[in-house]
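Asker: This is what each chain is made of:
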Amino acid sequence: MRRRRGRLRSRPIEDSSLTPLVDVTFLLIVFFVVVAHISSSERIPMPLARIENAETAPDKLQRRLVINVVPESQRGSLGGDYLVGVRTFGRSPEDLARLQDMLELREASQPGAAAVIRAERTERYDRVYPILEACRQSGVTDVRLVSEDLDG
Amino acid sequence: MAEAPAQPPPRPALIGVPIPRRRVIVGRRGITLAMAPMIDIVFLLLMYFLLVGEFLPPEGLFELDLPRPLEHARPAVAMTLEQPPVRIEVRSVGDGPRGYTISMTGPLPREIASYDQLYLALDASKGRLLTSDQAFIITPGAQTRWEHTLGVFNAVLRAGFERIRFAPPATQ
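The listed protein sequences derive, respectively, from chains A and B. Under this note's numbering, residue 176 is the last one in the first sequence; the count climbs by one each step, no gaps. Under this note's numbering, residue 223 is the last one in the second sequence; the count climbs by one each step, no gaps.
By construction, these hints were calculated from the structure, which means they are not laboratory data. Note that the coordinates shown come from a computational prediction; the quantities given were computed from them, not determined experimentally. From the three backbone atoms N, C-alpha and C, an ideal C-beta is built for every residue, glycine too. Please note: incorrect hints may appear among the correct ones.
Over 10 Å on every C-beta distance to chain B, these chain A residues come out as not near it, computed from the model [as the list claims (entries may be wrong)]:
(1) 49
(2) 55
(3) 77
(4) 82
(5) 100
(6) 108
(7) 115
(8) 116
(9) 117
(10) 118
(11) 120
(12) 134
(13) 145
(14) 167
(15) 169
Take a look, some chain A residues computed to stay more than 10 Å from chain B by CB distance [unchecked claim]:
(16) 47
(17) 58
(18) 129
(19) 130
(20) 157
Ranges of calculated distance between the beta carbons of each label pair, as one might list FRET restraints [what the hints assert, rightly or not]:
(21) B:145 to A:47: 24 to 32 Å
(22) A:115 to B:90: 50 to 58 Å
(23) B:213 to A:44: 51 to 59 Å
(24) A:136 to B:221: 28 to 36 Å
(25) A:77 to B:106: 24 to 32 Å
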C-alpha cells in the first residue's frame, strides 16, 4: 500500500519529457546539414596547386566572393566553366559579360571585397585568365589565388 | 481462555496530533529515461555525416593586386624613368609538376631551370639590377598548367616584388 502511494507521487517527475531535447537535436542537425551544403557549394573539391615555400596567407577573409574554375570532369554535371556561389557561367563572351556584371554589382555593394579564384592544379591558363580579366574590368582589385596550404 | 496479548498503550504525546505525511523519496526507482536509443541514433547520425561529409584541405591565398582601370592613365612623374617590366615566360612541357620551362627578359639570366633558381636570381639582383618596385609580367602559354603559373608567381613574391601582372595567354 505504501509503495503504491509512492509511485503515484513520483509520476509528475517521470513526465520530464524528451520531446524538447529531441526537437533541439534535430534542429541542430538540420542547421549543420544546411550550412555544410552551403559551404560545399561555395568551394568545389578539387586538387589545388601544391607550392613549396608558398608566400600564402591562411584563408580568414570575412568578405569574399569565391570563383571556381570548374574542373573538366565536373563541367558536364555542373553545367558551366565557372561557378560563383550557385551560379554557373560559360566561356562565351555573353556569359563572361554576365559574370563581369555580377562582379561590378558585388564591388558596388561591398567595396573592397576580395575575389578568391580557385582552379585545379592542372587547369590550363587560358581557362583561368578570363576570370582575372573579368575582375580587372569590373574594378575588383583585391584578388586572391588559392593553392593548397602545405603548412596548414 | 488465553488472554490476548496486551497492546502497548499509545504514546500520549501523539494522541490527537495529525500524523505528518512522510516525505516520499522519489527518483531512483520511478524515473527511467531511456537514453540508450537516443545515444544510438546520435552516434549513427554522427557516423553518417562523418562518412558522407567531404573534408577540404586547408587552403592558402596568394595576394594579387590588380591594377585599377584608370591606373594606366596615371600621369608619369617628371624626370623619373621607370624600368621596363621584366617579362617571365613559363611553359608546361610535361604532365608532372616539374615539367616546365622558364625564360626571362631583362638584365637577368635568360633561361631559368626551376622556381628556386628564379627566386635566387631575383633575390640576388634586388637592389642592384632591379629596384624594389620593379614590375613583372608573367606570360604563361595558353596550355600552361595553373600550378606552373602559380609557382612562378610565388617565386617572384618570395623575392620581395609585389608589382606582378598576368599577361593574356600566349600562343605556344
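Asker: Compare the structure with each hint and give your call.
Answerer: Results for each hint:
The Cβ of residue 49 of chain A does not lie farther than 10 Å from every Cβ of chain B; its closest approach is about 7 Å, which violates its non-interface assignment. For residue 55 of chain A, the non-interface assignment is confirmed: its Cβ lies about 12 Å from the closest Cβ of chain B, beyond the 10 Å cut-off. Here residue 77 of chain A does not stay apart from chain B, with its beta-carbon only about 6 Å from theirs, under the 10 Å limit. The non-interface label for residue 82 of chain A is inconsistent with chain B: the shortest C-beta to C-beta separation is roughly 6 Å, within 10 Å.
No beta-carbon of chain B comes within 10 Å of the beta-carbon of residue 100 of chain A; the shortest separation is about 19 Å. Non-interface call for residue 108 of chain A relative to chain B: holds, since the shortest CB-CB distance, roughly 17 Å, exceeds 10 Å. The claim that residue 115 of chain A is not at the interface with chain B holds, since no C-beta of that chain comes within 10 Å of its own (minimum 13 Å). Consistency note on residue 116 of chain A: stated as away from chain B, and its beta-carbon is indeed over 10 Å from all of that chain's, at 17 Å minimum.
For residue 117 of chain A, the requirement that its beta carbon stay farther than 10 Å from each beta carbon of chain B is met, with the minimum near 15 Å. Its beta-carbon lying about 20 Å from the closest one in chain B, residue 118 of chain A satisfies the requirement of being farther than 10 Å from that chain. Distance check for residue 120 of chain A against chain B: the nearest CB is about 14 Å away, which clears 10 Å, and the non-interface claim stands. Every C-beta of chain B lies more than 10 Å from that of residue 134 of chain A, the closest at about 17 Å, which supports listing it as non-interface.
Here residue 145 of chain A does not stay apart from chain B, with its beta-carbon only about 4 Å from theirs, under the 10 Å limit. With a least CB separation of 5 Å from chain B, residue 167 of chain A falls inside the 10 Å interface cut-off, contrary to its annotation. At the 10 Å boundary, the C-beta of residue 169 of chain A falls inside the reach of chain B, the nearest C-beta of that chain being 4 Å off. For residue 47 of chain A, the shortest C-beta to C-beta distance to chain B comes to about 13 Å, beyond the 10 Å cut-off, and the non-interface label holds.
For residue 58 of chain A, the requirement that its beta carbon stay farther than 10 Å from each beta carbon of chain B is met, with the minimum near 12 Å. Here residue 129 of chain A stays apart from chain B, with its beta-carbon at least about 16 Å from theirs, past the 10 Å limit. Every C-beta of chain B lies more than 10 Å from that of residue 130 of chain A, the closest at about 15 Å, which supports listing it as non-interface. Taking the minimum C-beta to C-beta distance to chain B, about 8 Å, the non-interface status of residue 157 of chain A is violated against the 10 Å cut.
Between residue 145 of chain B and residue 47 of chain A the C-beta distance comes to about 58 Å, which lies outside the given range of 24 to 32 Å. In this structure, residue 115 of chain A and residue 90 of chain B meet the distance hint of 50 to 58 Å, their C-beta atoms being roughly 52 Å apart. Range check, residue 213 of chain B to residue 44 of chain A: Cβ separation about 56 Å, and the 51 to 59 Å hint holds. At roughly 32 Å, the beta-carbon separation of residue 136 of chain A and residue 221 of chain B lies within the given 28 to 36 Å, and the hint holds.
One distance hint, 24 to 32 Å for the beta-carbon pair residue 77 of chain A and residue 106 of chain B, holds here, with the actual separation near 25 Å.
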